Each structure stands twice: as C-alpha cells, then as structure tokens.
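Residue numbers (our numbering), protein chains in the order written: chain Y, 3 to 670; chain L, 2 to 221; chain P, 6 to 484; chain C, 398 to 715.
Since the hints were made in silico from the structure, they are not lab data.
Errors might be hidden in some of the hints.
[To be verified] Beta-carbon label-pair distances, calculated as ranges: (1) P:Pro446 x Y:Asp623: 42 to 50 Å; (2) C:Leu572 x Y:Val592: 34 to 42 Å; (3) Y:Trp420 x C:Ala654: 35 to 43 Å.
All values derive from a computational prediction rather than experimental measurement.
Think of the CB as a built atom: it goes at the ideal place given N, C-alpha and C, for glycine as much as any other residue.
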Amino acid sequence: MISIALFGVLALVAIAPIAVATSASPNATGIVYGACLIVTLILFLIALEILFAHPAASTVVLPLGLPWLGAHFRIDPLAAFFLVVVNLGGAAASLFALGYGRHEDSPQRVLPFFPVYLATMNLVVLADDAFTFLVSWEFMSLSSWALVIAHHRVQENMRAGYVYLLMAGFGTLTLLLAFGLMAGGDGGYAFDAIRTSHLTIGTSALVLILVLIGAGSKAGLVPLHAWLPLAHPAAPSHVSALMSGVMTKVAVYGFIRIAFDLIGQPQWWWSLVVLAVGGVTAVMGVLYALMQRDLKRVLAYSTIENIGLIFASLGLALAFKAYGMNVAAALALTAALLHVFNHSLFKSLLFFGAGSVQSATGTRDMEQLGGLIHRMPQTAFVFLIGCTAISALPPLNGFVSEWLTFQAILLSPQLPSWGLKLMVPAVGALLALSAALAGACFVRAFGITFLGRPRSPEAEAAQETDTNSLAAMYALAGACLIAGILPGIFIDALAPVVQSLTDGRLPVQTGGQWLSIVPIAESRSSYNGLLVFAFMFITGMVTAFAIHRLASDKIRRGPAWGCGYPDASTLTQYSASSFAQPIRRVFGSVVFGARETGEMPKPGSIAPARLTVRLRDLIWDYAYAPIANAVGVIAERLNYLQFLTIRSYLSLVFGALVILLTVLATWP
Amino acid sequence: MHSITFDIAHMLAGSLVLVSFLQLYQDRLSALLNMFALHAFVLAASVAWQAYAQDAPHLYITAVIALIFKAIVIPLALRRIVIKLGIHREIENVFGVGLAMLLGIGLVALSMVVMLRVTSGADPLAREDLAFALAVVLLGLLMMVTRRNAVSQVVGFMSLENGLVLAATGAKGMPLVVEISIAFSVLIAFIVIGIFLFRIRERFDTVDMQAMDRFREEQR
Amino acid sequence: MSIGALEGVLLIPALSAALLAVLPGYKLTSRLNMAAAFFTFAIAVSLFIVEPASGRYLLVDDLNKVFIVLTTFVAFTTSAFSASYIGHEIETGRLKPAHVRFYHAMYQVLMFAMNLALTANNIGLMWVAIELATLTTVLMVGLYRTHEALEAAWKYFILGSVGIALALFGTILIYMAAQPVIGEGPDAMVWTILMTQAARFDPDLLNVAFVFLLLGYGTKVGLAPLHAWLPDAHAEGPTPISAVLSGLLLNVALYALLRFKMLLALNPASIAPGPLMVTMGLISAVFAAFMLYKRRDIKRMFAYSSIEHMGIIVFAFGMGGPLANFAGLLHMTMHSLTKSAIFFAVGHIAQIKGTQRIADISGLTVTHPVLGWGLVAGVVAIAGLPPMGIFMSEFLVVSSTFARAPYLVVILVIAILVALGALFLKLNTIAFGEPRGSTAPAQASYVPMFAHLAIVFAAGIYMPEALVTGFQNVARLLG
Amino acid sequence: MAVIADFALQGAQMLLVLLMAPLLTGFVRKVKARLLSRQGPPLLQPYRDLFKLMRKDVVLASNASWLFRIIPYLVFAATWVAASLIPTFRSGLLFSWTADLIAIIAVLGSARFFLALAGLDAGTSFGGIGSSREVMIASLAEPAMLMIVFAIALIAGSTQLSTMAAFMNSADVGLRVSLGLALIALIIVAVAENARIPVDNPATHLELTMVHEAMVLEYSGRHLALIELAASLKLLLYVSLIACLFAPWGISSPVIAPLPLLIGIAAYIGKLAVLGFLLAVFETSIAKMRVFRVPEFLGAALMLALLATLLRFVSGSF
C-alpha cells in the first residue's frame with residue numbers, strides 16, 4: 003500500500019523534468035496536467051481503499067533523509083483521509099487546468115512546479131519522522147512560492163510571494179523548534195520515538211503553542227494569516243484552489259498529527275487557546291472577506307474563516323479528550339474533519355469559478371463584473387452551488403459539518419472547567435455570527451459578480467468557459483450535493499480516523515432510517531439531508547407544475563422599475579462596496595478602524611458628491627509593519643559599520659581582545 | 002641560581018614596556034620614530050640577553066635582525082617617507098596623550114592580572130617576560146588604534162610585533178623563533194613598501210575613507 | 006624516499022606554481038591549472054584508500070581528511086570556472102596576460118598553503134601556512150589594480166596582519182603551556198604529541214592562548230567584529246578568488262580553531278571554549294543577517310551571507326555534542342559548495358551585465374534562464390530551504406540544541422529568518438521582474454556550478470554511508 | 398395502517414400550515430386596522446390577493462435571469478417545508494426527525510439567501526438596498542436565533558422540536574431566568590425576521606425605508622404570490638414556534654386518536670389568534686426605527702440569548 007503511494011508520489015516528481023523538457027511545445031499543458039490527473043486519481047483510489055478497508059497502518063523506511071534515521075513513511079487512517087482530500091483536490095485542479103492552463107501565458111513557470119507541489123503535499127501526509135515531515139512541509143511552501151510568483155512581472159505578485167515565503171519560513175522554523183523539543187537533544191526524530199517519549203507538562207504545552215503558531219501560520223489563523231490573502235489570489239487559479247482548498251488542510255493535518263497523536267494526553271487549557279484563536283479567526287476572516295473587491299481575495303479570506311471554524315472544532319475535541327469524554331471528542335473531531343473535506347470541495351470549486359471568470363473577463367475586480375449569469379450560465383450555476391454550500395445552507399454539505407459542530411458545542415456543558423464553561427458559548431456565538439456573515443458574504447460575491455447588469459465591456463463580452471473546466475466544476479458541485487444529502491456515509495468513513503485519535507466513535511450512521519444522521523441519539527438531534535432535499539425539490543416542483551397548469555404561465559418583459567427614472571447607466575446598481583456598507587457600518591469602525599468621509603457639493607454646483615471610505619488592516623498596521631520597520635531600522639544602524647576606517651575596524655578587534663581578556667581576568 | 006640573569010631580563014623587558022609608554026606619549030612623528038628605534042634596540046638587547054641566558058645561539062640572529070632591520074633600516078626608511086609626505090611635525094592623535102597613557106596603564110594592569118594568575122606553574126623568568134610581552138602587544142595595538150597616520154600605525158604594529166618576539170624568545174627552546182622574526186620582517190617590509198607605493202597616508206584618513214566606501218557602495 | 010599521498014597534496018601545487026609562473030598563454034596555463042588542481046584532488050581522494058600514517062611534520066586523521074578532500078575538490082571546480090572567467094576577462098582586457106600568469110601561479114601557491122595548513126602536524130608550521138595563504142590572497146584581491154581593489158587589499162592586509170600577530174601570540178602561549186610538560190624543543194608544538202599530553206597543561210595559560218587564537222584565526226574566519234576585511238575582499242577581487250575565499254580559506258582558518266578547541270576540550274580544568282565560540286557565532290550570524298539588507302553590490306551581499314553561515318557553523322561547534330558537531334561539519338561542507346556555486350553564477354552574471362550593482366540587474370530568469378534559475382537554486386540552498394543540504398544541517402543544529410539552550414537558539418533562528426528575508430528581497434529583483442541590463446547570451450561554463458548544486462541537492466536527500474561515518478567519527482573527535 | 402395514518406397526519410400538517418398562513422396575516426391586518434379604528438380588509442382578503450396574483454401575467458425585468466424565475470419556487474418550498482416541520486397540533490410526526498430546530502433555522506436561512514440574490518438580479522438600486530439591508534439584519538438575527546436555540550436546547554437536552562415541546566410541557570421545566578431571556582430574544586428575532594414594525598414595515602411602499610419589500614420589488618404575478626405566501630408562512634412558522642416552545646399546552650402526544658388531535662388543532666388555532674393579536678397590538682403601539690438602529694435592537698437580542706446560554710453553561714439551575 004504505502005509503497006504504491008510512494009511510487010505515485012515518485013511519478014508526480016518525475017513529471018516535473020518532463021514538464022521542463024516539453025514546456026516549449028504547445029501541448030505540454032495537456033501532457034503535464036493529464037499525467038497529474040491520472041496519478042492523483044490513482045493515489046485517490048488507493049487512499050479510499052485504505053480508508054474503507056482500513057487495514058493496519060503500513061510503514062516503510064527508505065535510506066533517505068537523515069542518514070542514521072532514514073526516511074520513515076506511514077499510512078494510517080488519518081493519513082489516508084488527508085490523502086483523499088489532497089488527491090481529490092489535486093485531480094480536480096489538474097482536470098480544471100487541462101482547460102484553464104491553455105490561457106497561461108508563461109506555462110514554463112507553472113508546469114514544472116505543479117506536479118512537485120502535488121507530490122510534496124502527499125509527502126507531508128505520508129511522512130513519519132520529523133525530518134521528512136519538515137522537508138516535505140517546507141518544500142511544499144517553496145514549490146507553491148514558485149507558483150505564486152509565476153506571473154513575476156506583476157509587482158504585487160512578487161510582494162505576495164515574498165511575504166508568503168517569509169511566513170512559511172517562520173512557520174517551518176517554529177515547527178522545527180517544536181520537533182526539537184519533542185525529539186530532545188539526542189535526535190529521536192522518528193514519530194514512533196516521539197509517541198513513546200513522555201514529555202513534561204510544560205514541554206508539551208510549549209510544543210502545542212509552537213505547533214499552533216507553526217501550523218497555524220500555514221493554515222492562516224489570525225493574526226498569522228497576513229500572507230494568505232496576498233498569495234492565494236496571486237497564483238494561477240487552479241493553484242489558488244490547491245493552496246486554499248488543500249494546502250491549508252495539510253496544515254490542519256500537521257496540527258492534528260502533533261496535537262492529537264504525538265504529544266499524548268492534552269491539558270484542558272490548551273483547548274482554551276485553540277478555541278479562542280479559532281473563533282476569532284472565523285469572524286475576522288469573514289469580516290475581511292466582506293470588505294474585499296477582488297473576487298479571489300474574498301475567497302482567500304473566507305478560507306481563513308473556515309480554518310477558524312475547523313480549529314474551533316479541534317479545540318472542542320481537545321477539551322473533550324482532555325476530560326476523557328471520548329464520544330463527544332469523536333463528535334467534535336468528526337465535525338472538524340468533515341469540514342476539512344467539505345471545504346476542500348467547495349473552496350476548490352469556487353476558485354475554479356473565479357478562475358473561469360478571470361480568464362473570461364480578464365479581471366477579478368467585482369466592481370468591473372456583473373451580469374455574467376447570462377453569458378456564463380453554467381459557470382454561474384456551479385458557482386452558485388459552491389456559494390450555497392460554503393454559506394452552510396441545507397441541503398448542501400457545508401451545513402452538515404457546521405451542524406455537527408453545533409451539536410458538539412451543545413454537549414460541552416458537561417465540561418467541568420470554568421474557563422471552558424465561559425469560553426465555549428462565546429465561541430459558539432462567534433461561529434454562529436461567522437456563519438451568518440458568510441451567507442452575506444457569498445450573496446455579495448455571487449450577486450455582484452454574476453447578477454445584475456455588466457459593469458464593464460469585458461464583462462459584457464464574456465464567453466462561457468471550456469468543457470474541461472466545467473467538467474471539474476460540475477464534478478465538485480456534484481460531490482458537494484452528495485456529501486450534503488448523504489452525510490452518513492462520510493461520517494462512517496471517518497469513524498476509524500476518529501477512533502484512532504480519540505478512542506471514541508459515533509454510532510453507525512448508515513444504519514438509521516432514511517439515512518438520517520444521529521450524532522448521539524435520535525431523541526437528542528438528527529438531520530436528514532436527503533429528505534430535506536427531497537421535500538424542497540418535490541414541493542417546489544409540485545407548486546411550479548400546479549401553478550403553471552392551473553394558473554398562468556405567461557411571461558412579459560419590461561424595463562426594471564426605477565422609481566420612474568429609467569436609468570441607462572449600470573453604475574446605479576448596487577456595487578460590491580455599497581452592498582457591504584451596512585455591515586461595514588455595524589462592524590467596521592471596531593474591526594477596521596473604518597472612516598467614512600462624504601463631501602457634498604454646495605447647492606447649485608454640479609460637482610459630483612463623493613464618499614471616501616478608509617479601511618485599515620489593524621493587524622498589519624500593529625503587528626507586521628512594526629516588525630518590518632524594526633528590521634529596517636536595525637539594518638540602517640548597523641550599516642554604518644560598512645563605512646568605517648581601518649583604524650575603527652582595528653579598534654573593534656582591539657575592543658574584542660580587551661573584553662575577552664577582562665572576562666578571563668575576572669573568571670571565577 | 003640565576004637571580005642576576007633573571008633581574009636583567011626583567012629589567013630589559015620592563016624597559017621595553019616603558020619605551021612603549023614613551024611611544025604613546027609622543028605626538029610628533031619624527032620623535033615617535035626615534036622612540037621606535039630605541040624600542041627596537043631594547044628588544045635586541047633583551048633578545049641577546051635571552052640568547053645568553055638560555056645559551057641558545059640561534060637567538061642571536063633574531064637579536065641582530067632586530068638591531069639592524071628594525072632599529073636602523075626601517076626607521077630611516079620611514080623617516081624618508083615622512084619627509085617626502087611632509088608630515089613629520091604633524092599632531093595626529095585621536096584623543097589626548099593623557100587619556101592614551103591612562104588606557105595604557107589600564108592595559109598593563111590587565112596583562113599583569115591575566116598573566117600572573119595564569120602562570121602558576123611556569124618558571125618565573127618566562128612568567129615575567131610573558132606579562133611584559135603581553136603588555137607591549139596591547140600597547141602596540143592601542144597605538145595603532147589611537148593614531149590616524151599610517152606611519153605611526155606601522156610603528157604601532159612593529160612594537161606589537163616586538164612584543165611577540167619578546168614572548169617568543171622568552172619561551173625556552175621555542176623553535177622557529179628566527180623564522181618567525183624573519184617572516185615578520187618581510188611582512189613589515191611589505192607594509193612599508195605599501196605605504197611608500199600607494200601613498201597610503203590619505204587612505205587612512207577618516208573622512209576620506211568613508212567617502213571612499215560610500216563611493217564604492219553607491220557607484221558601479 | 007617514497008613520496009606518499011600526503012606529500013603529493015603539497016608537492017603538486019608547489020611544482021605547478023613554479024611551472025605556471027613561467028609559462029605564457031592563458032589558454033594553456035588555465036588548462037594546466039585545472040589539471041594540477043584535478044590531480045591534487047585525485048590524490049586527496051586516495052588518502053581515504055592508502056591511509057598514510059602521520060609523520061613528524063604532516064599528520065592525517067579523519068578531521069583533516071574531510072577538509073583536504075573538500076578543499077581540493079572546490080579548488081578543482083573553481084579552477085574550471087576560473088578558466089572561462091579569466092578567458093572573458095582577457096577578452097574584455099580587464100586583465101593582462103602577465104597578470105594571468107601571476108594569477109595562476111598564486112592560485113597554486115594558495116592551494117599549497119591551504120593544504121599545508123590542513124596537513125601540518127605542527128602549530129607553528131600551521132601558522133606559517135595560514136599566513137602564507139593570507140598574503141597570497143591579499144595579492145590576488147588586489148589583482149585588478151583598481152582604486153577599490155587596492156583599497157580592499159590593503160584593508161585585508163592590515164587586519165590580516167594583526168590577526169596573524171594575535172594568532173602567533175596564542176601559538177607561543179600554547180608552546181609555553183606545553184613546554185613544562187613535554188620539555189623544550191619542537192616536540193612541544195607537534196599536534197599529535199600535544200593531544201596526548203594536553204590534560205596536564207597549565208589550564209589558565211591555555212585559556213589566554215585560546216582567546217588570542219580565537220581572535221587571530223577568527224579574523225580569518227570572518228567572525229564579527231573581526232570581519233571587516235571580508236566583504237570588500239570578496240567584492241573587489243576576481244570572482245574565482247571570492248569563491249575560494251568563501252569556500253575554502255574560511256574553512257581552513259576554522260579548521261585551525263577546531264584543532265585548538267579539541268586541545269582545550271582535552272584539558273578539563275581549562276574553560277570550555279564553547280561559550281566563547283557560541284557568542285562570537287551568534288554575534289556574527291545576527292550582525293551579518295541584518296547587514297544583508299542594505300547591500301547594493303551583489304558579491305558583497307553574498308560575502309556577508311558567508312559571515313552569517315560561518316557564525317552558524319561556529320555556533321554549532323561551540324554547542325558541541327555529536328549531533329551539533331555533525332551538523333557543523335555538514336553545514337561547512339554544504340556552505341563551501343553552495344557559496345562557491347553562487348559565486349560562479351554571480352561571476353558570469355557580473356560579466357554579462359557588466360556590473361555588480363544589484364539595482365542594475367533584473368529579470369535574469371527571463372533573459373538567461375539557466376544562469377537565473379541556477380542562481381535561484383543557489384540562493385534557495387544558501388537560505389536553508391529544502392531539499393538542499395543546508396536545510397539538513399540547520400535542522401540538526403536547531404533541533405538538537407534547542408532543548409539545551411532555548412534562548413540562544415531562538416536568537417539563531419531569528420538570524421536565519423532575517424537572512425532569508427534579505428536574500429529573497431534581493432533575489433526577487435535580480436532573478437525576476439522586468440529584465441534590465443544587457444541580454445547578451447552568456448558564454449559560460451555551467452558545469453562547475455551545477456555540479457556543486459547537484460551535490461548539495463543530493464546531500465539534502467541522501468548521504469552515502471561512508472561520508473556519514475566519516476563525519477560521525479570527526480564529530481566524536483570534536484567532543 | 399399506522400404508517401398511512403402517519404403519512405396522513407404529516408400531510409394534514411403541511412396543508413394546515415399552508416391554509417392557516419394567509420389567514421393569520423389577514424387576521425393581524427384586521428386587528429391592526431381595528432386598533433387604528435379603521436374598517437380594515439376582510440379576513441379572507443389575503444387569499445383573494447393570492448388567487449388574483451396567480452392568474453396575472455408575470456412582468457420580468459428586461460435582464461432578469463433564469464435564477465430570478467426559479468427563486469420564488471425555491472423560497473416557497475423551503476419556507477413551507479420548514480413550517481411543516483414545526484409541531485403545531487401534534488408532536489412526533491412521521492418526518493419530525495428530518496430536521497431539528499437548527500436545521501429548520503438553516504432552511505429558512507437558505508430561503509433568505511436566495512431572496513437576497515433575487516434582489517440583486519434585476520440590477521436596480523432598490524433591490525440592492527433591500528438585499529444589503531436584509532443580509533445585515535440576518536447577520537445579527539441568525540446568530541441570535543442560534544443562541545436562543547442553544548439556550549432552550551440546553552434546558553431541554555435536545556434540539557429535536559418534538560422532544561423540546563414534550564419537555565416544556567412536562568412539570569420539571571419550572572420558571573427559569575434563561576427561558577425568560579430566550580423568550581424576549583426570540584420575540585425580537587421573530588419581529589425582525591418577519592420584517593414587522595419596528596424593524597421593517599410590510600405595508601409601506603416608500604422604497605428607501607423598506608427592506609423586504611424593496612428586495613422583492615421586481616416580482617409580479619405568480620412569483621409575487623409565492624413570495625407573499627412564503628412570507629405569511631414564515632410569520633406563521635415563528636408564531637407556532639413560539640407557541641410550541643413556550644405554550645406547548647394541548648399539543649397531542651404521538652398517538653392516533655381523534656379527540657386529542659381535535660383538541661390539539663383547537664388549541665393551536667387559539668394560540669395563533671392570541672399571538673397574532675399580541676403582535677398587532679405591539680406593532681400599532683410603537684414606531685418604526687431607523688435602519689441603523691436595527692443592529693442595536695438585534696444586538697440586544699443576541700446578547701440576551703448569549704446571556705441565557707452562558708447562564709445555562711455556568712449552572713444547570715438557571
């Protein structure tokens with residue numbers, strides 16, 4: 003099993019040189035993405051097989067990496083699940099890119115890195131020792147960095163790549179410190195050794211904080227998220243989909259692997275930290291998303307929101323695990339993992355849609371779009387499904403995982419500790435708020451982009467995207483629907499994973515009547531996506547049929563009602579920013595330090611009235627900018643040392659000598 | 002029972018330190034050069050005495066080198082340069098002589114503390130010599146960093162190196178001493194030639210130096 | 006008498022130096038230079054097979070074997086690079102044939118000096134060899150005879166001489182410490198004998214000696230605040246020499262330091278040299294990392310990055326322990342290969358663009374893909390990103406010492422991160438963005454550069470057993 | 398047999414809510430009119446309106462999309478399904494476990510989602526005003542509603558409406574602070590969700606002040622009929638939700654016997670009348686507030702509900 007998976011990864015790596023060799027030829031795109039599609043599909047099937055057949059964890063040690071240790075690889079249920087996520091996303095992205103990649107103007111900067119990127123993400127999940135894990139982890143960042151700066155002539159892309167690489171390096175070094183603590187001074191880097199080694203409370207706590215920072219910076223936890231909304235939009239869209247939909251999940255995997263598997267029994271207060279960070283991240287992410295004009299940036303920020311949701315569930319799971327409430331822990335963890343899977347589906351779908359829009363209109367600025375539903379009906383349809391799913395609306399899959407999270411929260415009064423008693427409801431409120439705001443955010447995203455009237459000639463002239471891209475998007479949309487109406491199957495598939503991490507599991511779901519899901523007991527709570535979908539479908543159909551039969555089915559077209567002022571201009575429509583204005587008024591002043599200044603021309607003057615809105619990214623201003631400035635200042639100061647005279651340099655040597663001698667003279 | 006030999010060696014080494022102080026005290030180049038000649042001469046004497054005390058004849062070579070090369074040739078050459086560059090009566094201390102002297106005293110104290118707590122095992126002659134040698138080395142360095150002028154810096158370097166030779170000869174039966182002293186003479190010759198060829202004087206000058214480096218960083 | 010491999014490593018450079026001093030024509034001489042370097046390398050490799058015994062003046066053990074092979078290998082590749090580089094310099098007339106003859110002779114003299122320093126079994130001999138190496142490089146740095154070149158050479162010369170003097174004082178002190186135990190005469194300067202007796206030396210004397218040696222040889226290693234000569238020497242000299250300086254000379258000085266550290270480590274009563282080295286290493290790493298930001302000259306920038314890495318290496322050796330020492334050795338090897346590879350690339354770049362000013366170089370991956378991506382790979386490696394070898398060594402350094410000295414390691418990590426930021430800040434403008442400057446095709450020999458990068462890449466993923474055991478033995482030696 | 402009966406009851410429930418909804422709306426209008434000492438439209442006026450609208454042609458805005466034409470059916474279906482999942486006269490219906498309270502709220506959420514999209518489809522500024530304000534209100538009302546659900550669910554130990562109703566009906570509820578808070582919050586949310594005064598005015602047609610009406614401004618004919626019907630269904634839904642949670646008396650337990658069912662239906666209609674009357678009184682007694690006062694109004698609800706939940710968490714006795 004593991005060996006087949008590794009061969010798959012090897013095959014992916016082997017595609018890269020082919021890409022380099024053929025990148026000149028026009029059909030390189032087809033070759034590379036086709037190959038990637040095939041390999042990732044194979045890996046996907048292998049992972050599925052492992053997940054459902056769940057055999058014992060299979061391991062292999064290759065004579066690579068650290069010489070005396072070798073490179074350990076291992077597939078257990080957790081790894082298998084994340085392999086499913088990674089390769090499903092990879093396959094979809096490859097399929098999408100078969101069409102989308104043809105619009106790429108510099109393929110030689112994308113093709114070689116794409117398969118490597120896929121391979122590294124697989125390797126992170128497969129790795130079973132600290133060194134292999136970190137190498138794959140950082141190499142993953144590196145290859146995605148190369149993809150982010152594929153369009154290197156655009157300055158902001160370079161900046162995005164720069165910030166991204168720095169944050170990635172920061173995260174990796176933090177994880178490195180964490181592993182240093184876990185492995186101790188004598189280098190027990192294999193995960194088995196780490197599992198068996200017993201850390202002191204303090205050490206494991208420090209490890210958890212470090213991991214939360216390291217994995218969190220890759221996943222995009224506030225306030226470590228700054229790189230994400232820069233880097234994800236900068237990359238080509240199929241890569242953005244991978245980064246948002248899959249790579250953040252690999253980061254989540256890193257957190258789960260270490261926090262749930264490696265460092266043993268958690269302390270209850272860890273969950274306080276994780277819960278708080280998760281809740282804040284969820285709300286901040288979606289609020290940022292509501293303020294963006296750039297479609298792909300909206301999606302990137304909403305990724306941050308979903309990561310927050312996932313981490314909140316993970317925090318709950320930690321809390322339950324700390325108090326040995328295994329079933330509850332299983333519920334929370336299932337919610338988290340299911341959301342990982344769901345988000346990877348619809349976020350990829352949405353990025354594909356955004357990519358199609360971009361290649362059709364040449365812009366991602368929503369203020370330039372509009373009315374695309376008439377010109378790209380199919381894209382609009384699948385994008386709408388994605389929006390519905392990510393807004394956690396039944397009967398689609400986003401709702402299921404959110405519902406499970408709420409069910410887990412409802413179990414938490416049994417937690418003994420007071421901190422949690424106060425924290426959990428607050429986090430619950432934050433999650434509910436973020437869910438509602440997400441709905442608003444995607445009404446805005448879809449409505450402004452696809453509905454209304456086109457706001458620019460490019461949007462006017464847009465064409466429906468190609469079949470490959472559509473195929474990828476339809477596949478993901480279908481997956482969203484299935485995961486939404488038949489969640490029981492997926493929850494059961496997660497059971498072995500959850501069991502291995504929490505020693506608890508949910509009751510078998512697929513056995514219940516009408517395939518409804520029952521986390522604890524039917525008297526307590528249950529949800530049946532299938533029936534909800536069926537009811538809505540049937541009632542809707544029946545109503546339509548009845549009305550068209552018995553009443554009228556006539557249609558007349560007329561101009562839209564404009565209060566008697568029929569306006570030709572499309573600028574009088576609600577724009578992205580005006581749509582967000584009420585919410586900005588409610589939350590903005592606190593979160594963004596938003597200032598609105600309107601200037602009205604004097605009566606009689608024909609000068610336009612103008613409203614200027616200033617939003618500040620407080621986190622950037624107060625966390626990142628100071629650090630950057632500090633580095634700049636220190637560099638400036640030290641730089642004087644470059645321009646001294648030989649005499650001054652000699653005095654440095656002299657000083658050093660005297661100091662050392664004095665140290666010696668005063669040595670005890 | 003070599004108390005006499007010990008005292009004389011002690012006296013010579015100590016006077017070497019004294020001369021170093023005298024060098025620090027000078028603020029005119031010409032006077033400084035004289036002082037250096039004296040320094041080299043004292044060194045030669047001390048080396049010779051060591052050669053006699055340890056009856057190590059090869060040390061005489063070192064003594065002779067010191068005498069001829071350092072006490073006579075180099076000072077003369079430098080004097081010519083100084084005259085050529087017309088800086089023989091220039092005052093070029095970075096800060097006042099008094100402060101320099103104070104620092105010097107501090108350095109001597111430091112070297113004493115370091116060395117005397119050190120050589121508990123070694124024999125007294127070597128111990129004293131080492132302490133003085135270290136003092137001379139440090140004073141030489143101090144001179145290099147407190148003088149602006151290339152020539153006086155070379156003088157500083159040479160007195161530093163005198164300290165080394167003192168230490169080397171003080172170390173009983175140390176091989177390669179002669180070779181090392183020769184090597185250093187070559188080195189110094191290089192430096193002097195360098196000064197002579199490239200008119201290094203202005204290259205040392207603070208302001209100009211900065212301008213130079215700025216120039217290197219900005220332009221090109 | 007039979008000439009063993011050990012002597013061969015010294016004789017070939019010496020003889021070829023004499024030969025090259027007289028032969029005309031740069032085509033022939035550069036070939037000869039390569040050949041000589043190659044044979045030296047071959048013989049150095051044979052050291053692993055023939056295992057010659059250490060003599061009275063020359064010694065060979067696991068420690069210096071590693072250094073010798075590394076030195077001779079990089080010397081060989083650099084000579085290959087310098088062949089094409091010098092050819093270009095001749096065409097553009099920046100160098101005259103006479104200069105080239107001098108250059109090649111000096112090159113071999115330098116090789117001789119370094120090999121001597123590495124094989125010398127006598128602390129005095131070692132000191133002489135390092136002084137010789139210094140003087141040679143001084144002359145080569147000044148090769149272009151430009152204002153700045155002479156400037157840099159002079160700075161190097163003065164600081165170097167002071168360093169030499171301090172190192173000599175330290176050496177004398179070591180002798181003084183050894184002499185009462187071993188007795189007067191040369192024996193008290195022979196490594197192999199010193200090692201056996203070290204435990205009985207006067208510890209305080211050893212301490213003072215080590216301070217002087219640390220400062221003296223540390224000047225050569227380029228540790229801050231003794232580093233001042235290094236950036237200018239790298240920036241102004243011919244690029245092959247920059248490669249040799251960063252790749253080899255720093256290592257040779259480091260080797261001397263390590264030897265003396267071992268000596269002190271054998272004497273329990275003496276202060277542990279660790280803390281001193283750790284402090285100097287951290288200072289150098291942090292300082293150099295920040296200095297990277299304001300650099301405008303591409304060669305000077307990479308010179309500062311050498312200081313940073315020397316800091317990391319010294320830190321690793323200072324921390325000690327089998328893992329950290331292993332990491333230090335690995336890091337040193339990888340740094341030599343990577344940095345010289347980078348200088349190969351930079352040399353060609355500077356020749357194509359006719360400038361070393363970073364602001365005037367842009368979009369290399371567009372105009373010169375091979376060179377540009379080569380540089381990117383080099384910077385990726387030097388910044389400590391996987392899958393290159395330096396990542397492995399940094400992984401080992403940080404992870405193995407964090408548990409012991411968390412605060413120090415955090416400082417080191419910050420330095421690494423700051424350096425990463427600076428390097429990629431510059432790389433972004435050099436390798437990417439709108440192309441600027443000449444787009445003339447490069448007539449360059451990419452073989453040396455990519456050979457180095459390939460080794461570094463391979464080492465990051467797979468290390469052969471023999472190498473590992475060798476390193477581990479050395480790491481054990483270093484305690 | 399029993400299964401058929403169950404199906405029949407479920408169907409009856411669906412028809413009941415569908416039929417009662419316009420009546421409730423008409424009743425509220427009537428009472429309001431009377432309180433304003435107007436004659437007011439007859440009780441059955443809403444039915445007439447609906448049938449009239451049904452038979453009229455649809456006038457679509459020139460650039461309305463296919464989505465615009467689907468949405469009325471979607472919204473109606475979603476609201477109807479949600480409404481028919483609330484126990485009205487009998488708990489434990491056949492499909493009652495299809496969706497618990499959280500899911501029902503979410504189903505309503507999807508109805509709102511699509512309605513807001515409809516507002517943006519025509520590309521007029523009024524639709525935009527409507528939907529942007531609607532989502533703003535929703536972004537506060539939905540979390541408040543969820544918190545209310547949490548508070549009650551934590552008391553009842555379930556989010557299953559039948560179970561909750563049964564629990565509230567049982568003796569061991571007692572008087573609880575958290576329940577009181579939850580009730581107040583629920584009323585506020587219900588008012589906001591149904592676009593009633595003071596949050597919104599269902600009767601106004603001054604575009605700038607309206608939210609819900611502005612959003613559906615472009616709808617006409619059968620589409621408008623469905624939207625209106627959905628609106629009254631929603632009102633009915635919230636009223637019967639309050640009824641079944643806070644006045645669960647008379648809801649017949651899951652047995653199939655005519656008498657309890659009749660009692661249940663009678664009790665249900667009675668509750669609707671009372672609550673509708675209260676709503677009318679409430680609406681006539683206060684004035685509509687400015688749009689940007691609404692967030693504070695709803696924020697209060699959110700805080701109350703959160704407080705209720707917190708109390709529950711801190712100790713079971715609240």
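Verification of the hints:
| no. | hint | in the structure |
| --- | --- | --- |
| 1 | P:Pro446 x Y:Asp623: 42 to 50 Å | 47 Å, holds |
| 2 | C:Leu572 x Y:Val592: 34 to 42 Å | 37 Å, holds |
| 3 | Y:Trp420 x C:Ala654: 35 to 43 Å | 49 Å, violated |
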